[in-house]
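Trainee: What follows is the residue order along each chain.
Number of protein chains: 2
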Amino acid sequence: MPRTARPKIRLYTDADLSPGGVISATEPQAHYLLHVMRMAGGGDVCLFNGRDGEWRASVTVPAKRRADFVVGARLRDQAVEPDVWLAFAPVKRLEYLAEKATELGAGALLPVLTRHTDVTRVNIERLRANAVEAAEQCERLSVPQVHPLQTFDAFVNTWPADRLLYVLDETGAGTAILEAMEQTQKPCGFLVGPEGGFAQSELDALKQLSSARNVSLGPRILRAETAALAALACWQALSGDWRASNREG
Amino acid sequence: MPRTARPKIRLYTDADLSPGGVISATEPQAHYLLHVMRMAGGGDVCLFNGRDGEWRASVTVPAKRRADFVVGARLRDQAVEPDVWLAFAPVKRLEYLAEKATELGAGALLPVLTRHTDVTRVNIERLRANAVEAAEQCERLSVPQVHPLQTFDAFVNTWPADRLLYVLDETGAGTAILEAMEQTQKPCGFLVGPEGGFAQSELDALKQLSSARNVSLGPRILRAETAALAALACWQALSGDWRASNREG
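Chains as they are written, first to last, in numbering that gives the first Met the number 0: chain A, 0 to 248; chain B, 0 to 248.
Excised from the complex, chain A in its bound form (with noise of 0.2 Å):
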């Protein structure tokens, strides 16, 4: 592979990017480059953080079981992301929810106690980890900020008012999605709610935000996490970065 070639690994840090700057790999990272990779002889990685755009890094190995990145050349600039959120009742293949929502850009994951919820424990940090690994694989620039679990009440009541608010509404009740969804770049959010449905109070509450418009998925009854990745595909393909003339770089 000629060294111009752009490294197959992308890993994502925390730390600042800059020419030069030294970053220690983490623990779980120093062992899936040394001993899943068997990089111990040295190689390059790509590096990104959300900020600062796409780095080459070299690896060294300052001790056993260690690994640093010397950071190199930047390879992409940081873009603006399209800023679409997806606030959903966990379910519980939520790890496939998480890496697929990052593949399709959401810029934030806010899980969500609603009454009907079976779910009602969340690891956030292996959801975290999960949306990473998917950043890293899909070759996004960020990862999806992850939010504590809320319950309802706590949701409705701190959903921002310039955010629109597209509600999947199992009971066929919304507008078809293409038709719902404005073709703006304007913030918006998807709330997909428990295989149970949301409870008639929710309902009645969610119709309260003047920000929230309810979405029918079509005749099919569809899981949940099926609906929340269907209708960020929509979104992208109609307001997001699917069309050309919205892409950046």
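Just to be clear, a hint being listed does not mean it is correct.
In this list, chains with the same sequence are indistinguishable; a pair is considered to hold if it fits within one copy or across any two.
Here are the simulated EDC-like pairs of lysine to aspartate or glutamate, each with C-alpha atoms no more than 20 Å apart in a straight line [said to hold, decoys possible]:
#1 K7 to D117
#2 K185 to E53
#3 K206 to E181
#4 K7 to E194
#5 K7 to E169
#6 K206 to D161
#7 K7 to E132
#8 K91 to E124
#9 K7 to E53
FYI, nobody ran anything at the bench for these hints, they're computed from the structure.
Computed from a predicted structure; not experimentally measured.
Once you've looked at the hints, dock chain B against the given chain A.
Mentor: Chain B only, in chain A's frame:
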């Protein structure tokens, strides 16, 4: 539960459905009804076969470990469904792909062996069982037809000339999906390649198909199954039964 409510259990059957007909449950269905759902005392289910609509049926127990369905009234007429196929290089999480594609209304699933396909064996019976189960749960009136695994060459040579083929081109060279798709009810299908991408010779062969159009799903590198589901969602939203105007019944 009042007797007029629609039964919660939905089951697919190969048999014809007409009032008063008696149908033997399959062995797994009998096990599910009698031992999992404990319906030894009888009860109602919904039956569908992809041809005759959806019917209420009473469960009877003619012998130990056996169950029969006595068909009652029709609950829903069979409707014409959007005609979209999904062709794919088999991926590791095929069960998930079959489930989601069924929820998203794919009419046929076509596994295709491409040059860079990692997974070279597909359990077609299992794939079909995944599709049946998903159809039962998502309230579809049909089950996607699962085709046998075929080579890429056979796939290209037998693709119907009058069916649009949207190729999910991971090189990014395709047209943005909402621009590439025709907002028509014309039969179509999507082809998604393996994680390793299509071989150049495969992309060249696809170019020779007059019905093929390359489609892009934005700047991030999607997993094959994410791309397939995202594309189906966009298609249903633009041209399928997620548009209120395209819905029957």
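Trainee: Identify every previously stated hint that the structure contradicts and give their numbers, smallest first.
Mentor: The structure conflicts with hint 2 only, although it agrees with all the remaining ones.
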